[in-house]
Amino acid sequence: MLLQQLINGLTLGSVYAIIALGYTMVYGILELINFAHGEIYMLGAYLGIIFLGIFTAMGLTAANFPLALILTVLITVFFCSAYGFTMEKVAYKPLRNAPRLSPLISAIGVSIFLQNYVMLTQGATDKVFPYRYGEAHVHFLNVEMTYLQVMIIATSALLMLALHLFRKTRMGKAMRATAQDKTMAALVGINVDGIISLTFVIGAGLAAVAGIMVASYYGIVNYFIGYVAGIKAFTAAVLGGIGSIPGAMLGGILLGLIESLGAAYISSEYKDVYAFVMLLIILLIRPSGILGRHTEEKV
Amino acid sequence: MKGGVQEPVHELRSRPRGIGGSIKQSASSRPVLIAAWAALLFLPFKGIMPALTLFIIIVAGLPALQLARKPWSAGFRTAALKSLPRFPLRVFAESRFGRSSALPLLFIILLVLPFTLRDYYMDVLVMSGIYVLLALGLNVIVGFTGLLNLGFAAFYAIGAYTYALLNTKLGLGFWPSLPLSAGAAALSGLLLAFPALRLKGDYLAIVTLGFGEILRIVLNNWDSFTNGPNGISGITPPFLFGVSLGSLKYYYYLVLLIVLVAVPVMKRVEASRIGRAWLAIKENEIAASSMGINTTRYKLYAFAFGTFWAGIAGILFAAKMRFVSPESFTFMESVLILSMVILGGLGNIYGAAAGAVILVVLPEALREVQSYRMLILGIGLVLLMIFRPQGLLSRNKILKSRKQN
Numbered sequence: 089m090l091l092q093q094l095i096n097g098l099t100l101g102s103v104y105a106i107i108a109l110g111y112t113m114v115y116g117i118l119e120l121i122n123f124a125h126g127e128i129y130m131l132g133a134y135l136g137i138i139f140l141g142i143f144t145a146m147g148l149t150a151a152n153f154p155l156a157l158i159l160t161v162l163i164t165v166f167f168c169s170a171y172g173f174t175m176e177k178v179a180y181k182p183l184r185n186a187p188r189l190s191p192l193i194s195a196i197g198v199s200i201f202l203q204n205y206v207m208l209t210q211g212a213t214d215k216v217f218p219y220r221y222g223e224a225h226v227h228f229l230n231v232e233m234t235y236l237q238v239m240i241i242a243t244s245a246l247l248m249l250a251l252h253l254f255r256k257t258r259m260g261k262a263m264r265a266t267a268q269d270k271t272m273a274a275l276v277g278i279n280v281d282g283i284i285s286l287t288f289v290i291g292a293g294l295a296a297v298a299g300i301m302v303a304s305y306y307g308i309v310n311y312f313i314g315y316v317a318g319i320k321a322f323t324a325a326v327l328g329g330i331g332s333i334p335g336a337m338l339g340g341i342l343l344g345l346i347e348s349l350g351a352a353y354i355s356s357e358y359k360d361v362y363a364f365v366m367l368l369i370i371l372l373i374r375p376s377g378i379l380g381r382h383t384e385e386k387v
Numbered sequence: 011m012k013g014g015v016q017e018p019v020h021e022l023r024s025r026p027r028g029i030g031g032s033i034k035q036s037a038s039s040r041p042v043l044i045a046a047w048a049a050l051l052f053l054p055f056k057g058i059m060p061a062l063t064l065f066i067i068i069v070a071g072l073p074a075l076q077l078a079r080k081p082w083s084a085g086f087r088t089a090a091l092k093s094l095p096r097f098p099l100r101v102f103a104e105s106r107f108g109r110s111s112a113l114p115l116l117f118i119i120l121l122v123l124p125f126t127l128r129d130y131y132m133d134v135l136v137m138s139g140i141y142v143l144l145a146l147g148l149n150v151i152v153g154f155t156g157l158l159n160l161g162f163a164a165f166y167a168i169g170a171y172t173y174a175l176l177n178t179k180l181g182l183g184f185w186p187s188l189p190l191s192a193g194a195a196a197l198s199g200l201l202l203a204f205p206a207l208r209l210k211g212d213y214l215a216i217v218t219l220g221f222g223e224i225l226r227i228v229l230n231n232w233d234s235f236t237n238g239p240n241g242i243s244g245i246t247p248p249f250l251f252g253v254s255l256g257s258l259k260y261y262y263y264l265v266l267l268i269v270l271v272a273v274p275v276m277k278r279v280e281a282s283r284i285g286r287a288w289l290a291i292k293e294n295e296i297a298a299s300s301m302g303i304n305t306t307r308y309k310l311y312a313f314a315f316g317t318f319w320a321g322i323a324g325i326l327f328a329a330k331m332r333f334v335s336p337e338s339f340t341f342m343e344s345v346l347i348l349s350m351v352i353l354g355g356l357g358n359i360y361g362a363a364a365g366a367v368i369l370v371v372l373p374e375a376l377r378e379v380q381s382y383r384m385l386i387l388g389i390g391l392v393l394l395m396i397f398r399p400q401g402l403l404s405r406n407k408i409l410k411s412r413k414q415n
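Just so you know, the sequences run in chain order A and B. Our numbering runs 88 ahead of the 1-based position in the first sequence. Our numbering runs 10 ahead of the 1-based position in the second sequence.
Chain A extracted, bound-state conformation (with noise of 0.2 Å):
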């Protein structure tokens, strides 16, 4: 029974973690908590219903399952990171220079408006993922674990250990210098616009998996799903300390296990709450988080 529900909390908390990963890197680079991203993992969700359900009708998912969910996973990532990319240039890109406040209020009203513009095009009833995964399995340990969970852990998994091995290529550390400090970065002859860009681009296209595998695996997606799974991947990325990538991921799978635990032993009505204490808590005690490093301010 534990160890199920910890197989259950690190699918959810990979997704988490999946998410966390965009926010972490925005706030490395533009200290701003783009309130946005969890819509462009909504939008991720929608898309691939979408495009799986263009392949289905086209009768190729029948035919070829992988390779229509391959297709559909390539075009959601292109569109929502076209989204994010879009999100950066219109709403944030003005307002670099502005009070902190400024684009904060603007991450909020791209927020809106993303929920908003999904609600209205695609309807506010429940969206349902168009194939069924069947209900085949592992064991091992007494656990039973989905092929799908499989699937989420290891594609998780895998993102992570890429973006980890991009961080040491060229651009990954154009990225890092940026993240650092912005005016150095362009002395040195860093394109900082293009790497901020980038950062977006990325961020959305990871939140554009973590929409399909969260769809695939609830098999029921509505237009608000981005605001809560949105503050939770937030948390996700406090509790590991948020700027730290190795941290966002830590807190996304503590997320996970915290949620799942919690839903399991005290009570699954309050599994929204268990987030938000936690993130109460983590800010009251340790506001860098667990692995963030403690800025002193300057004056």
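Some clues are possibly wrong.
As the list claims (entries may be wrong) - Partial list, computed: chain B residues near chain A (C-beta under 10 Å):
{"no.": "1", "residue": "L51"}
{"no.": "2", "residue": "V152"}
{"no.": "3", "residue": "P205"}
{"no.": "4", "residue": "E223"}
{"no.": "5", "residue": "I352"}
{"no.": "6", "residue": "Y382"}
{"no.": "7", "residue": "G390"}
{"no.": "8", "residue": "P399"}
In short, the hints are calculated from the structure, not lab data. Please read all numbers here as calculations on a predicted model, not as lab measurements. All C-beta atoms, glycine included, are put in the ideal place defined by N, C-alpha and C.
Given chain A's structure and the hints, the job is docking chain B onto it.
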């Protein structure tokens, strides 16, 4: 999926940096690029025909916008912009007659209104009054002191639920409940602020947001106490000398009276030692504390004072609706109140009040496009931040003095 959009995609690839860049560069292909990009983003959600329509609208609309930005029109535009708010309001306010009579005139208009309007409009006015109180309260925290609060609806909820529970469970009337509701809200504001004020900026915002969500989920799930999502009904309206104030006309006067008390109180507090300390904290916290201001204490004052008014707004809401449920106190409600304060101009009392009235009246006026209301609010927030971050009525003096430094 293909067809009309494929060609622009090719163009995009060749000039990826041209999209959404600065407005100054005015290549003739820009509108086409932007339109193609927007249409591409829109495509999966509505299909090919709506996306094509959007493409055409933007291609046609953007040059018109750019024409308005042409240098020859810049002088005219700034002149027009300057005179626009100036003409009806400022000329009047700055004239001798206006200075002495603007407020009394407004007061008389507000007094006479119930005799001229239908119930529907009275309802909108009463709601405006309640939101004015909320905006004034949040303005103390965000506008005066510069502490971002994203869970203000929680204190509104506490005020409303305090009265709802006292009234339905203990039979307590409106008047004894009024200080209790306001006090409960202020106390919970203090209780939240006490630990949360150790945090700065965005983190504080997130903690207040978390508090608001926790409260709403608890109200929603604690069936035995709050009746869960069904809410509490059968709340009695206020009585005065045995007369029920439940009718909209009387209720309007009650709300108006409280607003008319709140505004001068706000004015006095803003100009007081406490208000100036808040301003100092907002402008520069470190400088304020080095001038001997106990920043934590004054921030606590701000939270308590701001949430106090949310409590009053809450009890007025509960007594008007005679029903409360968690649905009225969502995160969107907090965002709406914050939008009112920002729209009016952070730190400006009349601005906050005007913002509240605008954001209550405007959606009612836009009833036909009701489903687009939130969409417009979202776009409006982004545009407001980009083009007029200081709000409609700004504190120009402070902004100017800052620029000189």
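Consistency of the hints with the structure:
no.	hint	verdict
1	L51	6 Å, holds
2	V152	8 Å, holds
3	P205	5 Å, holds
4	E223	5 Å, holds
5	I352	6 Å, holds
6	Y382	7 Å, holds
7	G390	7 Å, holds
8	P399	5 Å, holds
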